[in-house]
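A.B. asks: Each chain, letter by letter, is given below.
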Amino acid sequence: DTGVSQDPRHKITKRGQNVTFRCDPISEHNRLYWYRQTLGQGPEFLTYFQNEAQLEKSRLLSDRFSAERPKGSFSTLEIQRTEQGDSAMYLCASSFAGGWVEAFFGQGTRLTVV
Amino acid sequence: QKEVEQDPGPLSVPEGAIVSLNCTYSNSAFQYFMWYRQYSRKGPELLMYTYSSGNKEDGRFTAQVDKSSKYISLFIRDSQPSDSATYLCAMSSGSRLTFGEGTQLTVNP
Chain A
26 DTGVSQDPRH KITKRGQNVT FRCDPISEHN RLYWYRQTLG QGPEFLTYFQ
76 NEAQLEKSRL LSDRFSAERP KGSFSTLEIQ RTEQGDSAMY LCASSFAGGW
126 VEAFFGQGTR LTVV
Chain B
8 QKEVEQDPGP LSVPEGAIVS LNCTYSNSAF QYFMWYRQYS RKGPELLMYT
58 YSSGNKEDGR FTAQVDKSSK YISLFIRDSQ PSDSATYLCA MSSGSRLTFG
108 EGTQLTVNP
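Chains as they are written, first to last, in my numbering: chain A, 26 to 139; chain B, 8 to 116.
To be clear, the hints were calculated from the coordinates, so they are not data collected in a lab. One thing to keep in mind: the hints can contain errors.
As the list claims (entries may be wrong) - No farther apart than 30 angstroms at their CA atoms in a straight line, the calculated lysine-lysine pairs in the DSS-like style are these:
#: 1; chain 1: A; residue 1: K39; chain 2: B; residue 2: K49
#: 2; chain 1: A; residue 1: K82; chain 2: B; residue 2: K77
#: 3; chain 1: A; residue 1: K96; chain 2: B; residue 2: K49
#: 4; chain 1: B; residue 1: K63; chain 2: B; residue 2: K74
#: 5; chain 1: A; residue 1: K96; chain 2: A; residue 2: K82
#: 6; chain 1: B; residue 1: K49; chain 2: B; residue 2: K9
#: 7; chain 1: A; residue 1: K82; chain 2: A; residue 2: K36
#: 8; chain 1: A; residue 1: K96; chain 2: A; residue 2: K36
#: 9; chain 1: B; residue 1: K49; chain 2: A; residue 2: K82
#: 10; chain 1: B; residue 1: K9; chain 2: B; residue 2: K63
#: 11; chain 1: B; residue 1: K74; chain 2: A; residue 2: K39
#: 12; chain 1: A; residue 1: K82; chain 2: A; residue 2: K39
#: 13; chain 1: A; residue 1: K82; chain 2: B; residue 2: K74
#: 14; chain 1: B; residue 1: K9; chain 2: B; residue 2: K77
#: 15; chain 1: A; residue 1: K36; chain 2: B; residue 2: K49
#: 16; chain 1: B; residue 1: K63; chain 2: B; residue 2: K49
#: 17; chain 1: B; residue 1: K9; chain 2: B; residue 2: K74
#: 18; chain 1: B; residue 1: K77; chain 2: B; residue 2: K49
#: 19; chain 1: B; residue 1: K63; chain 2: B; residue 2: K77
With the sequences and hints as input, model every part of the structure.
C.D. replies: Written out as structure tokens, the structure reads:
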């Protein structure tokens, strides 16, 4: 296993367009997290799944954001009607449910909205 | 007020120096304390975690937690140029992590 994989690594989009990111967690991990990191800041929690169930969402996750993990494996994060303020690094992490402290992060998807 | 405060630096030290990185927090519910290292344009990498007050050592790294003062530290001994990165403290009372803003460290040869 090569760790948490995110695709694409970089995305440039025009304001108002929809974008979708994919995360493939470490295969044995049943928890999957999404975080957002802006320049010079630490990551901020967005949401997490245990298997296919979305158990918690941050207030940062506005109505334009939706995340899915349909089969409890990979996850997608979609942003509709992107705004310039959505420009950030979107990080995915995964862990065992019982070992959630040891979350492993992917390389992130860097989104630029122009 | 942010739940976790971290000195953003930047911090520049000569090779071999002892580095001290610090965070304070306000949420008494935090039970787990972590340090992550993040290289430029990479995802964070977990260095150490602890859940009790006191010290935890791993090689050149020592994590210190003082719950009574709501203060945590990471010490790096014999710092190396390869330690140059951003260091993030993170805390949790459940499944989500709350991060500090990170301290950028440069170790000069």
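A.B. asks: Determine which of the earlier numbered hints do not hold for this structure and return their numbers in increasing order.
C.D. replies: 11
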